[in-house]
Amino acid sequence: MTFTLFLEQVVNGIILGSMYAIMGAGLALIYGTMRILNFAHGEFYMLGGFFVFFLFAQQNIHPVLAIIIAVIGVALIAALVQRMTVSVLLKREGWAFSTIAATLGVSIFLQNLALALWGERFQSVPYFVEGLLQVGQFRLPWQRVLIFVVAVAVMAAMAAVLRWTRFGWAVRATAQDAEAAAVVGVPAARIHTITFALGAGLAAVAAGLLAPVFAVNPWMGLPLIIKAFVVVVLGGLGSFPGAIVGGFLLGIVEAVGITLTSSEWRDVIAFGMMILFLWVRPWGLFGVKER
Amino acid sequence: MFAPLAPQGRLAVAALVAILLVLPLVWHDTYVLHLIILSMIFAAFAVAWNFTTGYAGLKTFGHHAFFGIGAYFSALISKNFDISPWLTTPVAGLVAACAGLVVALPVLRIRSVPHVAMVTLGFAEIVRVLLTVFRETTRGEMGLWGIPAYDGFTIPGLGEVVFNAAEKVPYYYLAALLFLGSVYAVVRMVKSPIGLALVAIRDSQDAAESLGINLTRYKLLAFAASAFMVGLLGAFYAHYILLLTPSSVLGLDLMILVIGMTLIGGVGTLFGPILGAFVMTIGVEAMRGIGEYRMLIYGALIVVVVMFMPRGLVAMLDGLGPRFGFGRQARPQAE
Numbered sequence: 418m419t420f421t422l423f424l425e426q427v428v429n430g431i432i433l434g435s436m437y438a439i440m441g442a443g444l445a446l447i448y449g450t451m452r453i454l455n456f457a458h459g460e461f462y463m464l465g466g467f468f469v470f471f472l473f474a475q476q477n478i479h480p481v482l483a484i485i486i487a488v489i490g491v492a493l494i495a496a497l498v499q500r501m502t503v504s505v506l507l508k509r510e511g512w513a514f515s516t517i518a519a520t521l522g523v524s525i526f527l528q529n530l531a532l533a534l535w536g537e538r539f540q541s542v543p544y545f546v547e548g549l550l551q552v553g554q555f556r557l558p559w560q561r562v563l564i565f566v567v568a569v570a571v572m573a574a575m576a577a578v579l580r581w582t583r584f585g586w587a588v589r590a591t592a593q594d595a596e597a598a599a600v601v602g603v604p605a606a607r608i609h610t611i612t613f614a615l616g617a618g619l620a621a622v623a624a625g626l627l628a629p630v631f632a633v634n635p636w637m638g639l640p641l642i643i644k645a646f647v648v649v650v651l652g653g654l655g656s657f658p659g660a661i662v663g664g665f666l667l668g669i670v671e672a673v674g675i676t677l678t679s680s681e682w683r684d685v686i687a688f689g690m691m692i693l694f695l696w697v698r699p700w701g702l703f704g705v706k707e708r
Numbered sequence: 008m009f010a011p012l013a014p015q016g017r018l019a020v021a022a023l024v025a026i027l028l029v030l031p032l033v034w035h036d037t038y039v040l041h042l043i044i045l046s047m048i049f050a051a052f053a054v055a056w057n058f059t060t061g062y063a064g065l066k067t068f069g070h071h072a073f074f075g076i077g078a079y080f081s082a083l084i085s086k087n088f089d090i091s092p093w094l095t096t097p098v099a100g101l102v103a104a105c106a107g108l109v110v111a112l113p114v115l116r117i118r119s120v121p122h123v124a125m126v127t128l129g130f131a132e133i134v135r136v137l138l139t140v141f142r143e144t145t146r147g148e149m150g151l152w153g154i155p156a157y158d159g160f161t162i163p164g165l166g167e168v169v170f171n172a173a174e175k176v177p178y179y180y181l182a183a184l185l186f187l188g189s190v191y192a193v194v195r196m197v198k199s200p201i202g203l204a205l206v207a208i209r210d211s212q213d214a215a216e217s218l219g220i221n222l223t224r225y226k227l228l229a230f231a232a233s234a235f236m237v238g239l240l241g242a243f244y245a246h247y248i249l250l251l252t253p254s255s256v257l258g259l260d261l262m263i264l265v266i267g268m269t270l271i272g273g274v275g276t277l278f279g280p281i282l283g284a285f286v287m288t289i290g291v292e293a294m295r296g297i298g299e300y301r302m303l304i305y306g307a308l309i310v311v312v313v314m315f316m317p318r319g320l321v322a323m324l325d326g327l328g329p330r331f332g333f334g335r336q337a338r339p340q341a342e
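Heads up: the sequence lines are chains W and C, in that order. Count along the first sequence from 1, then add 417; that gives the number in the working numbering. Count along the second sequence from 1, then add 7; that gives the number in the working numbering.
Keep in mind that the hints were calculated from the coordinates and are not lab data. Keep in mind that this is a model prediction, so the values were computed, not measured. Glycine is no exception: its CB is placed at the ideal position from the N, C-alpha and C atoms. Incorrect hints may appear among the rest.
Stated by the list, open to error - To give a feel for the contact side, a few chain W residues facing chain C, derived at Cβ under 8 angstroms: (1) Tyr448; (2) Val505; (3) Leu507; (4) Ala513; (5) Ile517; (6) Gly522; (7) Ala533; (8) Leu534; (9) Trp535; (10) Phe688; (11) Gly689; (12) Ile692.
Unchecked claim - Just a few of them, taken from the derived set where beta-carbon distance is under 7 angstroms, the chain W residues facing chain C: (13) Leu454; (14) Phe514; (15) Ser515; (16) Ala519; (17) Val523; (18) Ile525; (19) Glu596; (20) Phe646; (21) Ile675; (22) Leu677; (23) Glu681; (24) Leu695; (25) Trp696; (26) Val697; (27) Pro699; (28) Phe703.
Said to hold, decoys possible - Okay, the calculated beta carbon distance ranges per label pair: (29) C:Asp210 - W:Asp594: 23 to 29 angstroms; (30) C:Glu143 - W:Phe555: 32 to 38 angstroms; (31) W:Thr676 - C:Glu167: 56 to 62 angstroms; (32) C:Asp213 - W:Trp559: 33 to 39 angstroms; (33) W:Trp696 - C:Leu23: 28 to 34 angstroms; (34) C:Asp213 - W:Asp594: 18 to 24 angstroms; (35) W:Gln554 - C:Glu148: 34 to 40 angstroms; (36) W:Val630 - C:Thr144: 28 to 34 angstroms; (37) W:Phe555 - C:Leu250: 46 to 52 angstroms; (38) C:Leu108 - W:Val427: 27 to 33 angstroms; (39) C:Glu148 - W:Leu693: 38 to 44 angstroms; (40) C:Arg295 - W:Arg580: 51 to 57 angstroms.
Whole structure, please, built from the sequences with the hints as guidance.
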């Protein structure tokens, strides 16, 4: 293997890593504020993919507008789901398990709803931008450059919102201590719903950007949610910066790993890394040791 | 705390077991027997999963790994080395139990439910991908076939017992043996000091530890015993269905099915997982007419049960009165 080819692999790993990071960041945001593991996250991603397929590939709506509509649509669906299930369960005993079970049920429901409504065909979505970026021997499709740029911009915007807006303070306060936040007037239940919707919206962004790379189908969420799990474990469950670092780390390790073995080993590498991490440092890179 | 069966309850259980054992003698329908065999396998699986999750409180989402390991181990060894499945089946159980210990090791260090869920699920996914990748041996998603069935034998006075696709009765009794054996083993464990220790760990690790309960030993036991049972079931499944693919015995779908059955029946109860498995296996089969909507309904059902009947169907039986003695041990779980 030449050095250029290796470099291409690593760059592709970083780009895919940015998508893992966005998925993981959504999951981490939800976990951070509510302490729940959202098993339906992959299905919000899948719904985002179908939004973009119908709006952009079929109706020829401009991709930027299509993704914005997808994000809003998915966020609204997620808010509804959160209100009907998670929000109710959080008030009960045994919520850590019951919320996992409920979101797992939602995941199966949405997956099969998509199957019933839109069939099992793999729907392809054209590239938003054509052409290749070429530097010497090094080649990269502009679509992938676009994925990376948008991903970084979205994550930066998200981080800025959390850091500098009143809403962001409210989210972080709720994450630290929901009861104490409620005492000082933060509407914790509303913050929970909005955060859940926002996390799902991030999944829809990833879906919109990746739709042209991977085909859109009812099962497209599964591989991504599993990667998102790995990412949040690496970064520390509930840590937003941790998820971003974890996403890039996973992308790069996978890319290097599969150039050394073969692409079939991708998932083995990812899960092996997760289990190793849980063994050595269960609270992740950025998480706090919970006892 | 554990009085699972009042005298009337014992009578009811004895009657159910008798019906189960007599049924194939009076009802010869192959399809019905097949459905009950599957129900028994799923019921035993759900009981074993519930032992780890509902009693020991270790919320695992990767028990299908042990089913797949048992199935593939027994199938590959008996096929490639020409060893009788009667021998490879119990060994497959032991191999699954060892795998259970391996999974339990990282679980020992973590307490948060989401972490346990992810590490167990991740382990199962690794096993699935490995079976897909080593396709020279396992044939991957093409499917492993040519798995030997159990050898026949002769029972003096009754005649010859043959295991093949057309003859379900021998398989039925073998499945009944595994099913009743698993339930009996779990009942014995739950009623023994082991069960009390496990429930104590589930309800409060710190309190249990301060009372001198060895957390490590009991958690490892909960995983290994449960994995052993599930491994046996997987091996039986391999020699019964005679065709394996990684997605059929190691797919997340299988785990979801078992979780759904247990939730619908009632987590942390003895009778719940069994009831759930029978109701769902036969119910899903009855719903076959509506094709692709089956899983849609299944997903919705899980949500509805979690939201509105967190104690499952056994809680409703409880409402029928303690006369039947079922499910009285059903109680909401502490986290």
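Regarding Glu143 of chain C and Phe555 of chain W, is the given constraint of 32 to 38 angstroms on their beta-carbon distance met? holds, 36 angstroms
Is the interface hint satisfied for Phe514 of chain W? The criterion is a beta-carbon contact with chain C at less than 7 angstroms. holds, 5 angstroms
Against chain C, with CB atoms and a cut of 7 angstroms, does the hint on Val697 of chain W hold up? Hint on Val697 of chain W: violated, closest Cβ of chain C at ~9 angstroms, above 7 angstroms.
Just to be careful: measuring from the Cβ of Phe703 of chain W to every Cβ in chain C, is the smallest value less than 7 angstroms? violated, 15 angstroms
Double-check Ala513 of chain W for me: the hint is only fine if its C-beta lies closer than 8 angstroms to a C-beta in chain C. holds, 4 angstroms
Does Trp696 of chain W pass the interface hint, meaning its C-beta sits closer than 7 angstroms to a C-beta of chain C? holds, 5 angstroms
Interface restraint verdict for Glu681 of chain W against chain C (beta-carbon cut-off 7 angstroms): holds, 5 angstroms
Closest C-beta approach of Ile525 of chain W to chain C relative to 7 angstroms, hint status: With a closest approach of 3 angstroms, the Ile525 of chain W hint holds.
Is 28 to 34 angstroms a correct range for the gap between the Cβ atoms of Val630 of chain W and Thr144 of chain C? holds, 32 angstroms
A closest beta-carbon separation below 7 angstroms is what the hint needs, so does Ala519 of chain W meet it against chain C? Result: holds, 4 angstroms to nearest chain C Cβ.
Is it true that Asp213 of chain C and Trp559 of chain W lie within 33 to 39 angstroms of each other by Cβ? violated, 56 angstroms
Hint Pro699 of chain W vs chain C: min CB-CB distance below 7 angstroms? Holds, because the Cβ-Cβ distance from Pro699 of chain W to chain C comes to roughly 5 angstroms (cut-off 7 angstroms).
Going down the numbered hints, you'll see the structure goes against 3, 8, 9, 19, 21, 22, 26, 28, 32, 33, 38, 39, while the others check out.
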